[in-house]
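Participant: On the provided structure of chain A, position chain B as indicated by the hints.
Read top to bottom, the protein sequences are chains A and B. So the first sequence is numbered by the working numbering: it starts at 36 and just counts up by one. So the second sequence is numbered by the working numbering: it starts at 343 and just counts up by one.
In case anyone wonders, no lab produced these hints; they're calculated from the structure. By construction, the Cβ of each residue, glycine as well, lies at the ideal position given by its N, Cα and C atoms. Hints may be right or wrong, so weigh each one.
[Claimed, not checked] The calculated label-pair distances, taken between Cβ atoms and stated as ranges, are: (1) A:Leu197 <-> B:Asp552: 33 to 39 Å; (2) A:Phe178 <-> B:Asp552: 15 to 21 Å; (3) B:Glu513 <-> A:Asp215: 34 to 40 Å.
[Unchecked claim] Sample of chain A residues lacking proximity to chain B, with all beta carbon distances greater than 10 Å (derived): (4) Leu249; (5) Thr408; (6) Leu415.
In case you want the letters, here they are:
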Amino acid sequence: MQKPVKRESGMGISWYNPRVRAIAYQAGVLAVVIAVVWFFTATAQENLERLNISTGFGFLDTTAGFGIIQTLIPYTEQSSYGRAFLVGLLNTLSVAVIGIVLATMLGFVVGVARLSRNWLVAKIAAVYVEVMRNIPLLLQLFFWYFAVLRPLPGPADSIEALPGVFLSNRGLIVPDPVFDAGAGLFFGVLTAAVVAGYVLVRWARARQRATGQLFPALRVAAALIIVLPLLACAIGGAPFHLESATRGAFDFSGGVRLLPEFVALVLGLTLYTAAFIGEIVRAGIQSVDRGQGEAAAALGLRDNTTLRLVVVPQALRLIVPPLTSQILNLTKNSSLAVAIAYPDLVAVFAGTVLNQTGQAIEVIAITMAVYLTLSLATSLAMNWYNARIALRER
Amino acid sequence: MRNPVVALVLGILIGVGGLYFMLPYDAAAVLAGRGTAPAASADAEPGAERAGAGETLRRVKRRGFLQCGVSQGLAGFSSPDERGRWSGIDVDYCRAIAAAIFGNGEKVRFRPLSAKDRFTALQSGEVDILSRNTTWTMSRDTQLGFDFAGVTYYDGQAFMVRKSSGITKAEQLAGATICTQTGTTTELNLADYFRGRGLDYRVLSFEKNDEAISAYDQGRCDGYTTDASGLYAERLKMQRPEDNIVLPEIISKEPLGPVVRQGDPQWADIARWTLSALLNAEELGVTSENIEEMRESDNPLVRRLLGAEGSYGASVGLGPDWVIDIVRAVGNYGEIFERNVGVDTPLGIERGLNALWNDGGVMYAPPIR
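Chain A with its partners taken away, still in its complex shape (with noise of 0.2 Å):
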């Protein structure tokens, strides 16, 4: 706190006391905005009681009484409207989860092929993005769903690719892996396989600061990774076998299903938010200065040596902050599951449960706190990232 100058505190609470004046307006506003604030509340209780609408958060622990077809927990028709929340809460965090990793994966190979010398590889990766993001998403999604998806045969003829794995108009259904006897020591020298190729990266790097001597780290730990659980396999059994689904009377029952409407929004997200990738690598990549990698080349590094310890890097301190608000983006469109009934949060809890409660603006609101949260969640872990890969100067 400073100390008020002189000046100030002699002129005393006067209106022509400047700092007064700027306090007096600011505290004004402020009262004017919580004013506001609490006229809507009031006015929204008061319509609502009037109304005889009910209120309140009670209708969580209310039984739901109605089913979806996808649930990552376990959930019956008997469970709660708050349980109904959390299935449609994993289901959008699963699609976003998933298409966040696979359009960023897609996403850089479409920006690197973009600058490719190559002019096949470079012109489809062009037409491609300029397809897919020319295209409203929602367009796309019907697409993939309505004329892609949707036209498979039905499961009595569903298309058999491999043995127990099923295409059909109901979803593709892979067989269930069932854990046996040698699981528990299959999964435990594969973490410790992990956990020794990471080491021995790292000493291998440290060794190689400090005295300049190479050592294949990575194909070494690869081998680990590989042949020390299949000792372990050969020693305890087969850590699981897989379970083929059965053909019932109208579907298949047992096996891992991946939904058409789950599919179908994977791909379509995936596919439309690559192309922006794509665009924001490629940027990021020509924003390096050509004489950085001349430098390298000067230096004797190799073609991919140098995008990967000289251009990447820094390309990267461009590539983050578009890159988060697209991730933000995709978790944001996945909403757009409820055009192909595909049961999200939006679906199920701002949809179904919304209708069957009527309470529009506590779903609503709870709604919007969970994409919020989402998304700063998503914007704080981008921005630690992005604090990391800055320029440090030396």
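Facilitator: For chain B alone, coordinates are given in the frame of chain A:
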């Protein structure tokens, strides 16, 4: 340190004070929880006990037409033809109200609403009345702030399957995927039906009925479920209607009726007694064809119905000829039924439960007297 605090208090006082005088109503009353309706009391009619009474009718009259929430297209209940003119039982009911208010059944605008959006649209005042094949349930009547005005159609939920599946009973649907529309009682009845029998099922809920139908039609689902009347109506839209059958089981009671907001008893009365007038007109043999002769009738029941005796129209804020206008515009309930869903229409539905009480059905209107 003293000055900023004083200035802060001063600023808050100025802000709140300024806002207080700008408020459209008495803020102190809101704080005390006494209600926000002095605006209405200024021109309230004598006898109006609640602030909301008469408000809807006044608003409709001032606007010059009725806003009626209907479905997005359900043959026989509310669907537009190729020229954009709406027809159906739910539509004719709204025309009847418009006729009762304005003497002209065309002074109504139809607002197509999805099953999901319909209640919010009514709650927020976007429509004056919801006439959208909506099932009357206790929770909707008590928790959403609505009043149901009666039943325009007694329905029940059933299943449709493909003939080729060889299914003849609903219980054979164990393990099947069923398409339906989200935000309906249908979704809940379906869950109840399978849960009650310990059967396994998968439900795919679509936002729009047309999407649910096309998903079923293209084989995404093994069955489709909605109210039986809806099944017959939707079957007409399919690629090959004759390849689909409606299973005989009716798994729920679905009394469909018009809905109004709570808080305006006069408006609820208009909705309720318009329906009663349609049914009483059928019961007394008053049709759109004989309405002029009926005005001369000596039957006291008919004379009261048509406003020759008593002042029943005025008691709900309408003119004395309100029933005459209704019947002229849309006919009586029987005429509406036969015109929209009856045996001579593509839907070909028998009166069944929807016949008058003295004719084997359950349609029974309280008398106008």
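Participant: The structure should be examined with respect to each hint, and the outcome stated for every one.
Facilitator: A quick look at each hint next to the structure:
1. At about 36 Å, the CB distance of Leu197 of chain A to Asp552 of chain B agrees with the hint of 33 to 39 Å.
2. Taking the beta carbon of each, Phe178 of chain A and Asp552 of chain B are about 18 Å apart, inside 15 to 21 Å as hinted.
3. Taking 34 to 40 Å as the suggested C-beta distance range, the pair Glu513 of chain B and Asp215 of chain A conforms, at roughly 38 Å.
4. The claim that Leu249 of chain A is not at the interface with chain B holds, since no C-beta of that chain comes within 10 Å of its own (minimum 57 Å).
5. Every CB of chain B lies more than 10 Å from the CB of Thr408 of chain A, the least distance being 24 Å, so the non-interface label holds.
6. Listed as outside the interface, Leu415 of chain A is consistent with that label: its C-beta sits roughly 33 Å from the nearest C-beta of chain B, beyond the 10 Å cut-off.
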